[in-house]
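Engineer: In order, the protein sequence lines correspond to chains G and H.
Per our numbering: the first sequence = residues 1 to 294.
Per our numbering: the second sequence = residues 295 to 485.
Treat the hints with caution; some may be incorrect.
Said to hold, decoys possible - Distance condition first, Cα-Cα at most 27 Å in a straight line; then the derived DSS-like pairs of lysine-lysine: (1) Lys2/G <-> Lys422/H; (2) Lys420/H <-> Lys2/G; (3) Lys422/H <-> Lys9/G; (4) Lys470/H <-> Lys9/G; (5) Lys408/H <-> Lys236/G; (6) Lys236/G <-> Lys458/H; (7) Lys420/H <-> Lys300/H; (8) Lys351/H <-> Lys396/H; (9) Lys236/G <-> Lys413/H; (10) Lys396/H <-> Lys236/G.
No lab work stands behind these hints: they were computed from the structure.
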Amino acid sequence: MKSNDRLYKTSLILTGVLIAVGFAFLSHVRLDGPVFLEHNINLHVTEERGGFDFPVSLNYITNADDNRIVTWVEFEEYPGLQVNASENEFAVLSGGREVQSFDDQWGRDFGQYNVREVFLQMNQLPELEEGEELLLTEATVTFSDATTQTVDIGEMIISSQDTSDAPLSFSFSSSTSNGQMAVTYNAEEELSVLGMDAPYFEQFSDAVRLEVNGMDSQEIIGQMVQEGEQVNVSVKRESSEGSPDFTVFSSSPELTLITSEEEEHTISLAQAIQLEPDYSFSTIYRYLRSREEI
Amino acid sequence: MTPGFKKLFWGFLIVNISLSAGLIPVLPAFVGWLIILDALADLEEQIPRQDLRFVFKSVMVLLVFSFGELFQLFGSDVTGISLLLQFLPIIVLLIELSAFHKLLEAVVRQYDRKNRIEKRDKAVAKDKWYLLLMGGSAVTLALSVSLVYVPVFVASIVLSLTGKIYLLYLLYALSKEDLELELAESVPQTG
């Protein structure tokens, strides 16, 4: 009976110590509120596509037991920008007709943290001149409990693009879930390739390789493309590592060409290179520490 | 047959099963704890009151906690109120462990009083297994709340479930014994 008594007391003491340590740990790692990540997003809007070229999302980290969701997003620099925002991607795609609830949120749990995505879809195109850019750095986010938070989102650049006089016609495109993608165009006339780049590319060039007709983006400069020939643009992931500095990238590769009449054209791919951080409890914890959020 | 232990068996079974009709619980946990309190009152005829005093108090606390289940009827999520409440299920588990360990200990004492050495030793061994299962469950559950690590959480659930089924088996086995009869048997025959 004495050994049972010892076992009973040991269970109580050990569990008590674990509760005390656990409580101290949870108090330490707990966030005061959602923390939005820094984003580097480059978007092109075209009249033909009627909005963003690809789905855009803002990522944030919150406590795993936070059952609020983002219901509305407004941008400080452009308050009139009509945007549907939802943590349910389908609700955004359906134009906000689907009612979202917490059960619909697709957040991913990493220990005490939950990484959420707020999907955005524009209702109305911003009035931008050809070549004009709209830089968005701050957003006011409204949550389902009617609280609002103004957050730094990094950089979201929206520009308009007129593709009507492009010397390339779109043929087909494909993409895979691991970040590979390929877009094929047909040359409408004889062209020379001036270069291939992507906004913010220097920040993630170790992770991604850009190719044109199977050649590296640096080797392709000056290559000729005859009328009727295909131009294959591909994006290949070089490593499975996440984005550096916990920044979320969404960047559309741009192919610059020159015609025989010396007319320069820059064509943005209708797909974006999407890179997100390597999420785990420890990487999120270190990131939040570096931002002095905990 | 010992009606006290039989009631304890059914009470503990009701505490651990969840029957509801839509949002309305048909057999809420507090019904089970009330049956257990009634069973403990019956047991006082066989086991000295002072041996059951701690068990009574612990079951009263568990009864109060079980009313928390009813809050869900009105859509109130009490778990979100405070960080400390994340540890509430572990505290409830520890109180339950304490209550039934002390009950098994009272049975051991009773066997001891009746000089039933073999029965006492078996009851001590059963109590040890119960403590190992439920103690292990409490420790792993405390770890999993902090770490949010699924394998540890699954281990705690498996241990807790095994411990509860084992306790049901023990209560059922005790309901088949008559402690007073054994007391009569243990008295040396004279004349």
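Engineer: State for each hint whether it applies.
Structural biologist: Hint check:
1. The straight-line distance between the Cα atoms of Lys2/G and Lys422/H is roughly 10 Å, inside the 27 Å bound, and the hint therefore holds.
2. Distance restraint check for Lys420/H and Lys2/G: the Cα-Cα separation of roughly 14 Å lies within the 27 Å cut-off, and the hinted pair is therefore satisfied.
3. For the proposed pair Lys422/H and Lys9/G, the alpha carbon gap of about 12 Å is at most 27 Å, so the pair holds.
4. A hinted pair counts as satisfied when its Cα atoms are at most 27 Å apart, and Lys470/H with Lys9/G does not qualify at roughly 30 Å.
5. At roughly 80 Å between alpha-carbon atoms, Lys408/H and Lys236/G are farther apart than 27 Å, so this suggested pair is violated.
6. At most 27 Å may separate the alpha-carbon atoms for a hinted pair to count; Lys236/G and Lys458/H exceed this at roughly 54 Å.
7. Distance restraint check for Lys420/H and Lys300/H: the Cα-Cα separation of roughly 18 Å lies within the 27 Å cut-off, and the hinted pair is therefore satisfied.
8. Note on Lys351/H and Lys396/H: the hinted pairing holds, with a Cα-Cα distance of about 11 Å set against a maximum of 27 Å.
9. Restraint check for Lys236/G and Lys413/H: not satisfied, since their Cα atoms lie roughly 73 Å apart, outside the 27 Å limit.
10. Distance check on the hinted pair: Lys396/H and Lys236/G sit about 65 Å apart at the alpha-carbon level, beyond 27 Å; violated.
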